[in-house]
Amino acid sequence: MVERVCTFFWAYSSFYKWKGEAIMSLLQVVGLGKSYDTETKVLENVNFDIEAGEFVSIIGPSGAGKSTLLRCINRMVTISEGNVLFDGANVGTLGKKQLRRLRTNIGMVFQHYNLVPRLTVIENVLHGRFGYKTTLQGVLGRFTEQEKKRAFYLLQKLGIEEHAYKRCDQLSGGQQQRVGIARALIQDPKLVLCDEPIASLDPNASKVIMDHLKSITSELGITCMVNLHQVEVAQQYSDRIIGLNQGKVVFDGSNHQLTDDRINRIYGTQTRELITV
Amino acid sequence: METITKPTYMKRKKDGSISLKSGSKSERVMRWTIILFILLTIVGFLFFDYTGLHLTTAITETAYNLKVMFLEPALNHFSWGEALYQIGITLGLAVLSTVLGAVIALFLSLMAATNLSKEWISKIVRIIVAFIRAVPTVLWVLIFAIAAGLGSEAAVLGMLFHSIAYLVKAFSEAFEEVDKGILEALRATGSNWWHVVMHGVLPSTFTYLLSWTFLRFEINFSVAVAMGAAAGAGGIGFELFMASGFYFDLSEVGFITYAILLIAIILEVLSTRLKKRYFPASVRH
Amino acid sequence: MNQKVMQKRKWQSTLFLLIIIAVTYLSAVITNFNFVDGLAAFPAAIGWIISNLLITQESLERLPTILEKLNETVFMSIAATTTAAVISIFLGLMGSKTTSLNGILSVVARFIAAVSRNIPVVAWALILLLSFGQNSVTGYLALFVGTVGFLTRAFIESIDEASQSSVEALTATGATYFHIVNKAVIPQCLPQMISWILFMIETNIRSATLVGILTGTGIGYTFDMYYKSMNYNAVALVTFSIVIAVIIIELISNYIRKVIL
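Residue numbers (this note's numbering), protein chains in the order written: chain H, 16 to 292; chain W, 1299 to 1583; chain L, 721 to 981.
The set of hints was computed from the structure by calculation and includes no laboratory data.
We treat Cβ as the ideally placed atom computed from N, Cα and C, and that holds for glycine.
Please note that a few of the clues may not be correct.
Which residues of chain H face chain L? A few of them, derived with a C-beta cut under 7 Å, are [unchecked claim]:
hint, residue
1, Asn89
2, Met91
3, Thr93
4, Leu109
5, Lys111
6, Gln113
7, Met123
8, His142
9, Gly146
10, Gln152
11, Arg157
12, Phe266
Heads up, simulated DSS-like pairs for lysine-lysine below, C-alpha to C-alpha not over 25 Å straight-line [as the list claims (entries may be wrong)]:
hint, chain 1, residue 1, chain 2, residue 2
13, H, Lys148, W, Lys1574
14, W, Lys1311, W, Lys1323
15, H, Lys222, H, Lys172
16, W, Lys1421, L, Lys978
17, H, Lys181, H, Lys164
18, W, Lys1323, H, Lys148
19, W, Lys1323, H, Lys181
20, H, Lys163, W, Lys1467
21, H, Lys164, W, Lys1421
22, H, Lys163, H, Lys181
23, H, Lys164, W, Lys1311
24, W, Lys1467, W, Lys1574
Partial pick of chain L residues on the chain H-facing surface, computed with a CB cut under 7 Å [claimed, not checked]:
hint, residue
25, Ala742
26, Thr744
27, Ala760
28, Asn772
29, Ala895
30, His899
31, Gln908
32, Gln912
33, Glu922
34, Ile967
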């Protein structure tokens, strides 16, 4: 609670300083719609705000549009309708340079880790710094000693420092996902988007990963949005849960407001047993 | 900023900066291979025989030639019917060497597959095949042209050699991937070697073998363009040779090139479809 | 029911076999190929090879000249392959779905590759011969063009297969196109690419022999010279030295492949 109040004040004061106007959320999604073709709408009129320092889970059946929603926030897919405002910037209308800066401020963690398998762990972590580099610096592979030390520090924090010089394809799934988290954190992001981070992992590795993600918010104060399909995990870890069904927000509230009845609404006709496997 | 408490795992380069590379053997070999490529290429250009080369005129002339070829193709020394007939000869040479090659390769690959044959037989077949592959097709063709006389026999026999070598490698690898269980089950019922091959190995690899054979047909078509001319068997390649070397008729060269290109692309499209349909992504060539 | 399916299968395979036989027969007719003659020619040819293609003391004296020419051919193949590989990397990046900058460039890259690889190397050699004349550059260019076509296709496949997910991840970190290509796509595909380059060098040495006959350069020309003057002992020596060269290169590339893949 104290933490949340602190972050609230931090967010409040920082915005007040910059904008000199009323409090603004870190992320505002207003009337967001997305369709890949003319017929099917993947997202429809999605609205929510996210404050700095929140840990939000997004749940819903597969195909509900969870992945697309996350990818609209850092514009990995184009936005069809509505607006996404991140840190005061309108994501949909950013130019190429500004878009790069936006993405630098948003880390992303993927279901299949999306590492370069042949490169070492430490190289993969440092890939997160490219957003801060000019093309030439990046192509030459110049990283400062400070960046390298920071990468080692993150690996140590995540408990995989000893694998720093191993190739990523020699690591277990859980270890690879920790490399993915380190890559996101070295960006110094304000927000981390996690797209099904534990869907390919066994229960033990899942717990390790979720604990680490939780500590990103609680220790570093970085906002986290996590797509999950396990309701239990979402309830256990998050302050707030957003339920999606067929591209629409059908639930938005704290985890204790999420009753069995509401879960059934999120997942439609599917039975609970089926989803929680 | 937080610093690392115990940098036990950090590796440093000679100049004291933190290393990022693992320094594995494969990395070293790759680096050396690339360096070697660059050096050999530079040496290669020094080795070249530059007799009678005027680069600027050559390039402008070639540009002009290509323009005439591709923009004004025409037939001047023979008719459409003749052209089709010559293409038929080239295709015919490719068919013969592929079909005969596939039949012979089938038997040889049964001997070369380690799970169907004795080790020493398999080794001998593999060594022979490696030797055959190392001799360029044109040398086989020319050698056969002396021994068997000029004509389609020399062309087909010469091309046969490489087709066999290629298909034996492909077929025997396909046989070796046959599920051990199938072979064991058949052997357990007391089937002899022929039964195992006819009822276990061939049915489960048949589509594979066919696809490989077709891939070889695609290769053999472009080989046949050259070999028909070399062995005096004729074909579209011979016409190309005449048009460029004797008549200096660029429009005709253009026409013939288009004809070859058309057929080659049709064959390629077909074989790509076959590959996508029957081959897993891991085995391509 | 089952029997019906079996019957149908049987019919299909019989029909297929008949078509193959018919096509083969037709091919034999059109090309004037005589199966009996061909069959008879084979043992006769082998006999001829054994009795005539002998490396004698006298032919060994020509070894230095032959090796020099062989060197020229090997180096030409390597130079053609590596320079073609550099072009192919760019075409491959343009042509691949994961790394292409736009659709038109992608189509252009694929078109260039398709044309250059589907026109046989001999045809390129004949076309270039007209204005470049009989020298190594003609052969080099003919091999170069064919290799660009082949390697571009191979590289497009490697890039498509290997790098989709990491490209997505790096885009999300705010990396630029060149960062992504240089630090994710190329490192990931490099072993595959080197393997293809090695394969092409082997292939090109064999094609270079044929091209050499036409362009009057390298080991192909040497072979042709001895062949036309019916010096079969020297022909045997040339053939043998090519075999040795190809096998050595094959062994080296097999070793490299084993380590890097």
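ask   = Would the hint on Phe266 of chain H stand, with a C-beta cut-off of 7 Å toward chain L?
value = violated (27 Å)
task = Go through the hint on Leu109 of chain H and say holds or violated, using the shortest Cβ distance to chain L against 7 Å.
result = Violated: closest Cβ of chain L sits about 12 Å from Leu109 of chain H, beyond 7 Å.
message = Can you confirm whether the C-alpha distance between Lys163 of chain H and Lys181 of chain H stays at or below 25 Å?
response = Measuring from Cα to Cα gives roughly 16 Å; hence the hint holds.
message = Would the hint linking Lys181 of chain H and Lys164 of chain H be met if the CA-CA limit is 25 Å?
response = holds (17 Å)
query = Should the interface hint for Gln152 of chain H be scored as holding, given a Cβ-Cβ cut-off of 7 Å against chain L?
reply = The hint is violated - Gln152 of chain H has no Cβ within 7 Å of chain L, the shortest such distance being about 9 Å.
inquiry  = Hint validation: Asn772 of chain L versus chain H, beta carbon distance must be below 7 Å. Holds or violated?
reply    = Violated, about 52 Å.
query = Taking 7 Å as the limit, does the beta-carbon of Glu922 of chain L come near enough to a beta-carbon in chain H?
reply = violated (24 Å)
message = Just to be careful: measuring from the Cβ of Met123 of chain H to every Cβ in chain L, is the smallest value less than 7 Å?
response = Interface hint status for Met123 of chain H: holds (4 Å vs cutoff 7 Å).
request  = Using 7 Å as the Cβ threshold, decide whether Gln113 of chain H counts as touching chain L.
outcome  = Hint violated; Gln113 of chain H Cβ to chain L Cβ min 11 Å, cut 7 Å.
Hint check, Ile967 of chain L versus chain H [nearest Cβ-Cβ separation less than 7 Å] = violated (30 Å)
query = Going by Cβ atoms only, is Gly146 of chain H closer than 7 Å to chain L?
reply = This interface hint holds because 3 Å falls under the 7 Å limit.
ask   = Does Lys1323 of chain W pair with Lys181 of chain H here, judged by a C-alpha cut-off of 25 Å?
value = This hinted pair holds, its Cα atoms lying about 13 Å apart.
Checked against the numbered hints above, the structure violates hints 3, 4, 5, 6, 10, 11, 12, 13, 18, 20, 21, 25, 26, 27, 28, 32, 33, 34; every other hint is satisfied.
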